[in-house]
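A.B. asks: Protein chains in written order, with the numbering used here: chain A, 1 to 554; chain B, 1 to 554; chain C, 1 to 271; chain D, 1 to 271.
The hints are simulated quantities; they were obtained by calculation from the structure and are not laboratory data.
Be aware that one or more of the hints could be misleading.
[Stated by the list, open to error] Only some residues are given here: those of chain A computed to face chain B with a beta carbon under 8 Å: (1) G290; (2) P370; (3) V411.
Note that the Cβ used here is the ideal one computed from N, Cα and C, for glycine as well.
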Amino acid sequence: MDINVRVAGEAGQGVLTTGNLLVGALAGLGLHVLSSQSYMSRIRGGLNWFDVRIADEELFSPRRTADLLVALTPPARDILAEDLTEGGMLLFDGAGGDGAVGIEFSRAAQEAAGSKLMANTVAAGAVFAVLGYDCGRLCGYLATQFKKKGDEVVAANVTCARRGAELAGTHAGRIPAPAPAAAPDYLCSGAEAIGLAAAAAGVKLVTAYPMTPSTPTFTYLAAVADRYGIVVEQAEDEIAAVNMICGAAYAGVPALAATSGGGFALMVEGLSLAGIMELPIVIVLGQRPGPATGLPTRTAQQDLKFALSAGHGEFVRAVFAPGTIQQCYELTRRALQTAHRFQTPVLILTDEFLQDLQKNVPPLDESPRPIDRHILEDPSPDYRRYEVTESGVSPRAIPGGEGFVICDSDVHNDCGNITEDLQTHLTQQDKRMRKLTGLTAEALPPQRYGPDDAGTLLLAWGSSYGPCREAVDALNAHGGSAAMLHFSQVWPINAAGARQLFGRPRRVISVEGNCTGQFASVLREAGLLEECELLPRYDGLPFTGEYIVSGVNG
Amino acid sequence: MDINVRVAGEAGQGVLTTGNLLVGALAGLGLHVLSSQSYMSRIRGGLNWFDVRIADEELFSPRRTADLLVALTPPARDILAEDLTEGGMLLFDGAGGDGAVGIEFSRAAQEAAGSKLMANTVAAGAVFAVLGYDCGRLCGYLATQFKKKGDEVVAANVTCARRGAELAGTHAGRIPAPAPAAAPDYLCSGAEAIGLAAAAAGVKLVTAYPMTPSTPTFTYLAAVADRYGIVVEQAEDEIAAVNMICGAAYAGVPALAATSGGGFALMVEGLSLAGIMELPIVIVLGQRPGPATGLPTRTAQQDLKFALSAGHGEFVRAVFAPGTIQQCYELTRRALQTAHRFQTPVLILTDEFLQDLQKNVPPLDESPRPIDRHILEDPSPDYRRYEVTESGVSPRAIPGGEGFVICDSDVHNDCGNITEDLQTHLTQQDKRMRKLTGLTAEALPPQRYGPDDAGTLLLAWGSSYGPCREAVDALNAHGGSAAMLHFSQVWPINAAGARQLFGRPRRVISVEGNCTGQFASVLREAGLLEECELLPRYDGLPFTGEYIVSGVNG
Amino acid sequence: MNIGKADTQPAWCPGCGNFAILKTLEEAVAEAGIDRRKLVLVSGIGQAAKLPHYTRANVFNGLHGRALPAATGIKLANHELTLVVTSGDGDMYGEGGNHFIHAVRRNIGVKAFVHNNQVYGLTKGQASPTSELGFVTKVQTHGVVSVPFNPLALAIVEDCCFVARSYTGDRDHLRRMMVAALAERGGFALLDILQPCVTFNKVNTFRWYKERARPIDDSHDPFDREKALRLALKWGDEIPVGILYRSRRPSFEANSPALAGKTLVAQLAGR
Amino acid sequence: MNIGKADTQPAWCPGCGNFAILKTLEEAVAEAGIDRRKLVLVSGIGQAAKLPHYTRANVFNGLHGRALPAATGIKLANHELTLVVTSGDGDMYGEGGNHFIHAVRRNIGVKAFVHNNQVYGLTKGQASPTSELGFVTKVQTHGVVSVPFNPLALAIVEDCCFVARSYTGDRDHLRRMMVAALAERGGFALLDILQPCVTFNKVNTFRWYKERARPIDDSHDPFDREKALRLALKWGDEIPVGILYRSRRPSFEANSPALAGKTLVAQLAGR
Ligand SMILES: Cc1ncc(C[n+]2csc(CCOP(=O)(O)OP(=O)(O)O)c2C)c(N)n1
Ligand SMILES: Cc1ncc(C[n+]2csc(CCOP(=O)(O)OP(=O)(O)O)c2C)c(N)n1
Ligand code: SF4
Ligand code: SF4
Ligand SMILES: [Mg+2]
Ligand SMILES: [Mg+2]
């Protein structure tokens with residue numbers, strides 16, 4: 001069984017704080033939790049919400065509907081009431097009535113702790129009570145959370161939590177909720193998992209120009225910079241950000257830049273630079289709806305084809321698109337490794353949905369485990385940076401030693417010096433392109449989920465893994481026959497691997513967060529697909545299991 | 001019959017001047033001429049050459065081999081001698097011998113006119129003599145060319161030309177050459193044809209940040225700016241260049257920016273802006289080999305897929321790729337019209353080869369004939385810039401009148417005001433995407449050349465029109481059965497039109513100036529093609545008829 | 001008035017300095033007698049950059065950092081329009097820094113009103129190019145170490161036609177500066193407006209600015225470049241506000257032969 | 001020495017000022033006692049930007065306009081390297097203008113040697129940001145109307161550690177300036193070098209510079225910002241050459257906690 005708790009109100013009202021408090025405390029109970037967010041591009045006002053889904057088994061996707069809505073403003077109450085499930089409950093910060101249970105969180109906080117700011121703790125207490133969870137566990141969680149801030153703060157929070165539970169106890173009823181179990185209490189968001197993997201893998205320079213939804217990865221890395229020994233620099237623009245990591249990669253340290261579509265557009269020339277210079281750079285591209293500024297705080301999968309063809313001239317790249325928190329971690333590490341093994345730029349496609357998604361997962365490895373940078377130690381004085389090899393990968397030295405390291409954005413010879421000799425150009429261009437063979441050989445095959453003989457095959461890539469997976473389960477639970485083929489590497493495509501897993505479905509449906517079916521056309525180009533149906537979503541909201549099920553059932 | 005005259009030497013030695021003089025004078029004889037260039041990215045030194053091909057019938061392509069080589073330096077002589085045809089002649093500015101006829105052009109110029117700078121006129125005189133053309137016609141041409149500079153300059157040039165003819169008359173033999181006929185004497189390069197079409201179509205703001213090979217279009221427009229009333233502004237960078245034309249388009253004037261791959265990479269965010277703001281901008285993208293700085297003065301067709309997917313988010317665009325001088329003119333006009341009819345960005349793909357290609361053609365219309373900007377006159381005070389229509393095209397007003405014109409790079413409502421309402425977002429996104437229907441309906445079909453039942457079909461796009469056409473003729477002349485399908489619009493693809501013209505060839509060969517077969521993969525994605533052979537060239541040099549023939553014959 | 005406009009309520013935090021700028025801009029436009037039909041407000045992206053949506057005028061709300069080149073293109077297309085750029089410090093001096101340098105050099109007839117809150121507001125509080133040394137944020141965890149950008153000094157060095165500073169703490173002063181900038185016919189006009197961000201900048205508050213703002217003495221000759229530069233370099237306990245510098249040089253439009261007669265757009269319409 | 005190097009003959013025009021800069025740089029590097037293995041020459045694209053290929057050192061010849069951020073990344077990765085950027089005026093002040101503003105603010109330990117020929121050489125003679133008013137080219141057919149960019153003044157305003165100007169007409173002076181810049185340990189060092197372009201700049205010739213260059217008086221105190229600015233604003237019949245300005249402030253590297261111990265790259269190697 002699962003329950004979706006939605007906290008909603010204006011920006012700046014503490015929706016995020018309340019949500020995070022709940023997620024943490026509920027995970028602490030050993031429940032499976034999954035949280036997602038919906039917010040507007042403003043600092044105050046508007047209508048934001050935060051969903052915490054809890055269950056006794058692992059969760060993969062958010063839900064459209066809520067079982068318990070905590071509304072901090074009248075619009076939150078009025079607009080979101082229609083998404084309440086039957087038997088659901090609405091707690092409203094104010095007078096009750098009209099189906100809402102009124103609990104004045106802010107006033108209670110003021111009274112109990114002398115500050116309205118703790119309304120969120122009152123709300124959390126109320127939620128615990130409504131769901132029938134032990135308020136003591138919540139208080140314990142608060143104690144660890146606020147320990148650093150001193151006993152007084154802890155005490156005030158505990159008072160507020162108890163007060164919330166009390167108020168709900170008198171006013172509200174109960175909602176049946178899953179029983180506490182033994183899910184891991186290691187909570188992580190997509191944004192953090194990417195940042196953590198980068199830090200642990202030995203990334204030493206991180207640059208960005210702030211842009212939603214990549215900023216949480218950037219700030220996460222800033223927060224852990226001292227611990228891991230990372231320079232985190234906010235560049236003057238995205239062009240500087242990408243050229244800085246090109247410089248750092250040249251000098252031998254793994255480096256990463258984080259951005260979104262508009263910022264990535266500005267990095268495209270630098271991407272091409274990394275292509276010809278054969279620099280191992282990694283760019284995290286957090287997608288949001290475009291074109292241009294679009295919807296800054298919403299989600300989308302619209303930049304796939306752009307990412308695959310971005311940059312003038314021809315060069316090789318790898319593009320990963322994680323679908324889960326664990327994949328965010330693993331594929332970020334793999335992206336860095338791939339970049340260094342093949343000396344070429346690698347992209348990680350994420351999006352607002354996945355960046356903000358939080359879930360409890362088995363603990364991710366936080367210990368520093370630098371990747372192999374494949375660096376040639378002690379190059380001799382006649383070292384040639386672009387020696388022609390069969391694999392296309394040349395031994396890479398870094399500056400500071402006996403052999404000069406010469407890199408050029410112009411066509412160059414094997415030493416790295418500028419040349420206009422056309423035969424040399426061909427030789428070097430062919431050398432670089434040969435890396436595609438190795439990249440393809442190592443490309444991750446898609447992952448199949450669902451019965452082998454499924455009649456309906458959902459094609460998915462990136463962040464829609466979770467929603468598709470829940471849709472497959474739901475379809476099959478209701479007599480359907482569906483499976484999912486999920487690509488977490490979208491370039492190069494492991495065509496052989498994919499072909500094997502296609503099976504013989506009657507229906508093939510590409511589930512994509514864009515309106516033109518970009519991934520389907522990539523597969524068509526790769527010869528893996530002829531026609532297929534498209535199940536698109538491009539209103540800025542993430543896929544959910546229900547959304548896909550109703551799309552499939554049409 | 002046709003003859004290829006090649007003038008070769010160092011940069012700064014007058015190769016270009018000599019070449020241009022010859023082209024002009026030979027066209028003046030009523031011969032069919034076609035010139036192309038090969039030069040390095042430096043101002044002095046190196047090895048550059050300039051080819052003038054002349055014939056008694058229309059020419060479409062350069063040739064690899066030369067019948068008459070005028071070498072101004074020893075390397076020019078030594079390196080290019082191997083491309084001389086049998087029976088060809090080599091004139092060398094220095095001592096003869098070893099197969100070369102020595103004529104000291106510079107010394108002769110010094111003696112005849114007191115300045116080495118006129119060596120190029122001496123050389124032109126010599127070429128005229130070797131080809132058996134009347135030196136008087138050359139002198140007449142010089143007289144018109146230098147009229148503005150005064151009688152003295154004319155006289156000096158005439159003396160030099162005669163001296164060159166004289167010297168060749170004594171030293172050199174003759175090369176049989178086509179007889180003067182009645183070809184048009186209107187000479188134009190691809191770069192100029194694009195610029196001219198833009199000026200005549202009423203483009204009022206032209207911006208660029210200098211970048212080979214788009215600069216000749218930019219300087220052409222600067223030269224005619226006063227005549228047509230154009231503001232030509234060199235921007236501080238390409239980002240400024242594209243945003244300036246976005247502003248100008250908003251305010252109601254047709255505007256164009258010219259760049260190459262690296263600069264286009266910087267314009268990509270602006271392209272996306274024009275997509276969501278629905279601004280009619282046109283960008284001329286002059287391709288050269290990449291990645292990054294690559295080979296600045298060479299040619300390539302490597303930026304196709306980049307151009308098709310450039311920009312974050314999803315929006316419609318049209319992409320033209322002219323194949324001839326006339327198409328440069330016509331499609332630039334069409335690009336501007338399309339941009340204005342559909343209020344969306346349009347790209348023109350050209351390349352170094354086409355930009356520098358000169359040919360005599362029937363006179364292009366130089367008179368100002370502004371395109372229809374489809375502007376709503378006198379908008380009322382309740383004007384809405386993004387009114388939802390069936391075609392997706394909203395009536396476009398410009399600022400200054402009663403109705404405010406509101407444009408936003410964020411998602412906006414029909415008035416143009418920023419909104420985060422997701423339903424409005426969907427409505428506007430769908431509205432914009434609907435324009436694709438109209439764009440597709442008007443997309444140019446490819447052009448077929450060659451017999452209907454040809455066994456071999458060459459797929460071509462953009463600048464390879466001429467070389468492919470000559471290859472088709474050559475193949476068919478030698479018992480082959482070949483045709484060409486040339487796409488001068490590469491997006492959207494007129495699939496129905498293309499399918500009709502495909503025929504049932506046994507072999508389909510995509511002739512492309514890149515190493516990955518980009519256009520073939522676009523056609524595959526469009527469902528027009530399964531497998532095909534690839535005949536690539538990516539060494540920086542243009543296709544020639546011979547190159548394609550030998551590629552086909554394999 | 002456009003329908004739909006009514007929905008467009010400012011998305012700013014209560015107490016934000018942007019409200020004062022908006023209100024004052026309305027007054028200044030009225031006082032300067034500007035025909036709103038000929039007024040175009042151009043902005044990039046940020047909190048400041050949302051302003052155009054909250055007033056009645058033509059609007060070009062373009063890309064982050066790119067307001068100036070867009071405004072340049074509009075001005076060239078129709079130099080009879082009044083171009084006002086309302087942008088943030090990040091927009092204008094960070095992402096847009098190169099355009100700032102060159103728009104001033106070019107002397108294009110655009111008024112740039114920079115809402116300088118010394119922070120990135122919309123993206124939640126990172127340092128901007130004008131943030132103080134030591135300013136701590138979630139990204140600049142050890143405090144800002146880069147010397148703040150000095151837009152006024154740069155503009156003066158580049159012989160900008162009009163260089164002024166004001167702040168939201170004195171709306172009367174702000175209005176007078178705006179009116180003076182709007183009246184400038186020479187070319188580029190820069191008005192840097194110190195604006196409190198109540199949410200993310202706890203250092204440079206309304207009070208902080210108020211305590212430090214010192215109106216420039218009436219005796220100051222704004223055509224004296226050296227003195228103007230000296231004023232521009234002052235920052236700290238005393239922050240000069242007022243017109244620091246003026247210069248008489250022809251605008252880019254006045255220098256463009258193609259714009260000598262009708263506007264470009266009128267040239268086309270005439271045909 | 002790398003094989004293939006021998007092929008790499010300078011692709012400059014005979015008489016170009018770049019030859020003098022190359023030769024002087026070789027001397028200065030030797031005189032400053034810099035270990036070439038620890039020397040990285042970074043450039044963008046242009047005639048000037050080809051220089052690194054003609055000397056023995058590590059080379060990062062990146063994108064047009066983007067030498068500074070690349071150099072910044074290299075310096076952060078390994079702050080024991082000496083970073084010299086050799087770039088043109090278009091590269092550094094045109095396409096790269098924003099990076100210039102912010103690299104100086106950041107005070108990253110990079111020496112920027114700008115070959116300022118007041119023109120775009122490689123692309124055949126268009127105006128650059130430092131071209132003189134009235135300079136006629138095939139694009140600026142009526143002459144340049146934008147006020148020339150003043151890199152020295154901007155750097156001084158931003159409290160740059162080392163701001164100097166030299167010219168190719170006095171190689172001894174140039175060498176001394178280079179050596180001084182290379183010796184600077186504080187942070188960013190700017191050396192703007194007036195360089196004749198014999199092919200495309202017929203105004204600012206070798207002689208033109210030679211006649212105008214005036215070594216700065218020994219009595220000048222480079223730590224005096226106002227006086228330095230006054231010198232920076234001088235241009236015309238007299239052009240001051242020498243060290244205009246110096247400032248003592250910690251470099252970006254010195255301010256970065258992660259760089260307090262070993263270099264970043266050494267931190268990895270150590271594991
Ligand atoms: C190319 C690009 N990069 C980054 C962003 C994200 N972004 C939006 S506003 C902003 C900064 C806002 O700061 P400022 O200009 O000072 O305006 P304020 O919000 O403080 O008024 C940033 C980084 C963007 N929209 N586009
Ligand atoms: C993004 C981009 N835009 C334009 C160019 C073309 N380009 C190469 S060098 C150059 C200007 C060179 O001028 P400068 O930097 O002053 O160097 P110089 O040749 O005068 O030494 C330009 C515009 C380019 N390579 N990349
Ligand atoms: S975040 Fe700051 S600048 Fe933005 S609206 Fe709020 S107070 Fe104003
Ligand atoms: S064009 Fe000018 S800068 Fe370039 S090499 Fe020649 S003289 Fe030097
Ligand atoms: Mg700000
Ligand atoms: Mg230059």
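A.B. asks: If a hint holds in the structure, say so; if it doesn't, say that too.
C.D. replies: Results for each hint:
1. At its closest, the beta carbon of G290/A sits 2 Å from a beta carbon of chain B; the interface hint therefore holds under the 8 Å criterion.
2. Restraint check, P370/A versus chain B: the minimum CB separation of about 28 Å is more than 8 Å; hint violated.
3. For V411/A, the interface hint holds, since its Cβ comes within 8 Å of a Cβ in chain B; the closest pair sits about 5 Å apart.
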